[in-house]
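Can you make the complete structure from the sequences, with help from the hints?
Heads up: the protein sequence lines correspond to chains A and U, in order. With the numbering used here applied, the first sequence closes on residue 132, and no number is skipped along the way. With the numbering used here applied, the second sequence closes on residue 513, and no number is skipped along the way.
Read the hints as simulated data drawn from the structure, not as lab findings. Please read these numbers as outputs of a predicted model, since none were measured by experiment. Each residue gets a CB set at the ideal place from its N, CA and C atoms; glycine is no exception. Please note that a few of the clues may not be correct.
[Unchecked claim] Residues from chain U shown here face chain A by an in silico Cβ test under 7 Å; the list is partial:
no.: 1; residue: 158
no.: 2; residue: 164
no.: 3; residue: 167
no.: 4; residue: 170
no.: 5; residue: 173
no.: 6; residue: 178
no.: 7; residue: 181
no.: 8; residue: 188
[What the hints assert, rightly or not] Residues from chain A that face chain U, not an exhaustive set, calculated with beta carbons under 7 Å:
no.: 9; residue: 43
no.: 10; residue: 84
no.: 11; residue: 88
no.: 12; residue: 95
no.: 13; residue: 98
no.: 14; residue: 102
no.: 15; residue: 109
[Unchecked claim] Where chain U lies over chain A, by a calculated footprint (3+ residues, C-beta under 8 Å):
no.: 16; stretch: 26-40
no.: 17; stretch: 48-59
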Amino acid sequence: MESLLSLTVAGLFGISVYLLLSRSLVRLLLGVVTLGNATNLLIFTAGRILGTVPPIVPEGEQTPIGEIANSLPQALILTAIVISFSLFAYVLVLSYRAYQDLGTDDSDEMQLAEARSPTEGEAR
Amino acid sequence: MNQAALSPVTWLAILPAILPLAAGALAIALRGRLAMQRWFALLVLLLELALNIALLVHVRDHGIMSLTMGNWLPPFGISFTADMLGAVLALAATFVSLACCLYAFADIDEVATRFGFYPMLLVLVGGMNGAFLTGDIFNLYVWLEILLISSFGLIILGGTRLQLDGAVKYAFLNLVATTLFLIATGLLYGAVGTLNFADLVAKAANYPHQNLLTVIAALYLVALAMKAAAFPLFFWLPASYHTPKFVASALFAALLTKVGVYGIYRIFTAVFAGGMGFVPLTLTWAAGLTMLLGAAGAVAQHRMRPMLGFLVVAGIGYMLLGFSLGTENARAAGTFYMVQSMLVMAGLYLLSGLVHGARKTVPTSGSSASLYDDQIALAILFLVLGFAVAGLPPFSGFWPKFALVRESLAQHLGWAAAAVLISGFLTTIAIARSFAATFWGASHLSEDGEQPGPQTSFATLTPILAIAALVLVFGLLPGTLYGLADGAARGIADYGPYVAAVLGAGP
Numbered sequence: 009m010e011s012l013l014s015l016t017v018a019g020l021f022g023i024s025v026y027l028l029l030s031r032s033l034v035r036l037l038l039g040v041v042t043l044g045n046a047t048n049l050l051i052f053t054a055g056r057i058l059g060t061v062p063p064i065v066p067e068g069e070q071t072p073i074g075e076i077a078n079s080l081p082q083a084l085i086l087t088a089i090v091i092s093f094s095l096f097a098y099v100l101v102l103s104y105r106a107y108q109d110l111g112t113d114d115s116d117e118m119q120l121a122e123a124r125s126p127t128e129g130e131a132r
Numbered sequence: 007m008n009q010a011a012l013s014p015v016t017w018l019a020i021l022p023a024i025l026p027l028a029a030g031a032l033a034i035a036l037r038g039r040l041a042m043q044r045w046f047a048l049l050v051l052l053l054e055l056a057l058n059i060a061l062l063v064h065v066r067d068h069g070i071m072s073l074t075m076g077n078w079l080p081p082f083g084i085s086f087t088a089d090m091l092g093a094v095l096a097l098a099a100t101f102v103s104l105a106c107c108l109y110a111f112a113d114i115d116e117v118a119t120r121f122g123f124y125p126m127l128l129v130l131v132g133g134m135n136g137a138f139l140t141g142d143i144f145n146l147y148v149w150l151e152i153l154l155i156s157s158f159g160l161i162i163l164g165g166t167r168l169q170l171d172g173a174v175k176y177a178f179l180n181l182v183a184t185t186l187f188l189i190a191t192g193l194l195y196g197a198v199g200t201l202n203f204a205d206l207v208a209k210a211a212n213y214p215h216q217n218l219l220t221v222i223a224a225l226y227l228v229a230l231a232m233k234a235a236a237f238p239l240f241f242w243l244p245a246s247y248h249t250p251k252f253v254a255s256a257l258f259a260a261l262l263t264k265v266g267v268y269g270i271y272r273i274f275t276a277v278f279a280g281g282m283g284f285v286p287l288t289l290t291w292a293a294g295l296t297m298l299l300g301a302a303g304a305v306a307q308h309r310m311r312p313m314l315g316f317l318v319v320a321g322i323g324y325m326l327l328g329f330s331l332g333t334e335n336a337r338a339a340g341t342f343y344m345v346q347s348m349l350v351m352a353g354l355y356l357l358s359g360l361v362h363g364a365r366k367t368v369p370t371s372g373s374s375a376s377l378y379d380d381q382i383a384l385a386i387l388f389l390v391l392g393f394a395v396a397g398l399p400p401f402s403g404f405w406p407k408f409a410l411v412r413e414s415l416a417q418h419l420g421w422a423a424a425a426v427l428i429s430g431f432l433t434t435i436a437i438a439r440s441f442a443a444t445f446w447g448a449s450h451l452s453e454d455g456e457q458p459g460p461q462t463s464f465a466t467l468t469p470i471l472a473i474a475a476l477v478l479v480f481g482l483l484p485g486t487l488y489g490l491a492d493g494a495a496r497g498i499a500d501y502g503p504y505v506a507a508v509l510g511a512g513p
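So, in structure tokens, the structure goes:
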């Protein structure tokens, strides 16, 4: 189970790196969202998959009985999902607005802020 | 369970993070009342400054202060731990934010206020203080994201085409950097099983597979170097830092990269103290190249704000060199440089806004009047701050650079000492060129792609004057700040008191 998940994580990281290396903003966005999901899955796998019961104390007991699952990775992932989701939403809107205003979704053609001479950047 | 009564003073460890966050939420509720919002933000930041001073004094007199959330025993609950390094940096960051807040009275117009400049400023301050005072790596990641979210809002404020372009680069690269940080954190948790700094100090050193930790260290190094804008991962900074509002640029240049440097100082001393492996050597080279390329880039720039962006990068080199040399003196110098760089870079960016505003009023055709005749106060302030960043003797940049050269030579790293000196020389040239072009040259140089700058007024001049005065004080009397920086360096050299303060909070 763990090796299968590890392979999935590796595959997702490969896909996201490939997408992040492209010039189109849409592919960059897909790369970012894949990267976020690969990371969450990685935290999940790193926290060990044991097939044990949830950490709930049975009625009448003071402590849980037997081996219990580690709930911390899930708490970490939950936080990370919320954050990466909100940031993805921001980047999505930003990219759309940049496409509208700059007229391109090719990051190589967005050279406005990196103009070499004082006049070059203001011409367009 | 930890039943020891919590003395009220312990709250000081977390209040600097909570207060601005809560105030930011309240400021959003006040969004209809624009005039009230700015005074509210100023008031909160004054209170925050008082809290930070109280925290620093307490940490200096009574040692490290720790507070663990929710009555869970320390390795499990999230700890807020204020040691010397965190407290000094939090105080410096709050001071800079206060100065920027006052400047924003003139720079931030009604539209930008309506789009939430002040709430984002307050959340940024909360994120800074949280990042400096937290004692847990995952929590550090969360504060980094809070910083990132508010900086995303600040960089786009105004919505011009130039800003959109800068924001796209800034957003994607920083998003990837924080995700790398999260990946490293997930792997570290999988390996060692804890994320609390105090707990990690012992557990990571005793972890049987140190090679695996070296891989995680490499991931942290890449993520934090990207955040800090170190060689070769700094190109996003000069591409984006000159596009937002002047006060937002100043906040970014002063604060955001320093959090990356702080992360390197903290994580590589607490977590990887046992086996840093290749990290110090890599960092030394990266630091040398960062300061050289940053200074060379600054010389190559014609315009003031892009030039300042490269100076921010050059400054990162000194801080990283201070860390990678490994001795207590060098780390004290690095910390000193971090604090003075926060002040100086904020001052220079704020000043560039005033210069830009003053240019518009100077007659453009036929007149021989240069900006120097018109605004001599600005020229003097620019020289004070510029010489501080170049490290010329009466100003604050001199002492840490002097210490770095001495420490490099003591370790037979002649090329590192040479890099510090050459970079300082190039920075002096860049500052002098910029001074000549701005204040003596033709005053009609158009910078139409940029935002209009604010006018010189009480609100804009006071923060720059205060910063310049502090720079002068730290230059003439370096002992006060050096004492604090030395305490910070001692704190990250020996984590004994830190661990005792966090884990000793139990029964």
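Violations among the numbered hints, reported as their numbers in ascending order:
2
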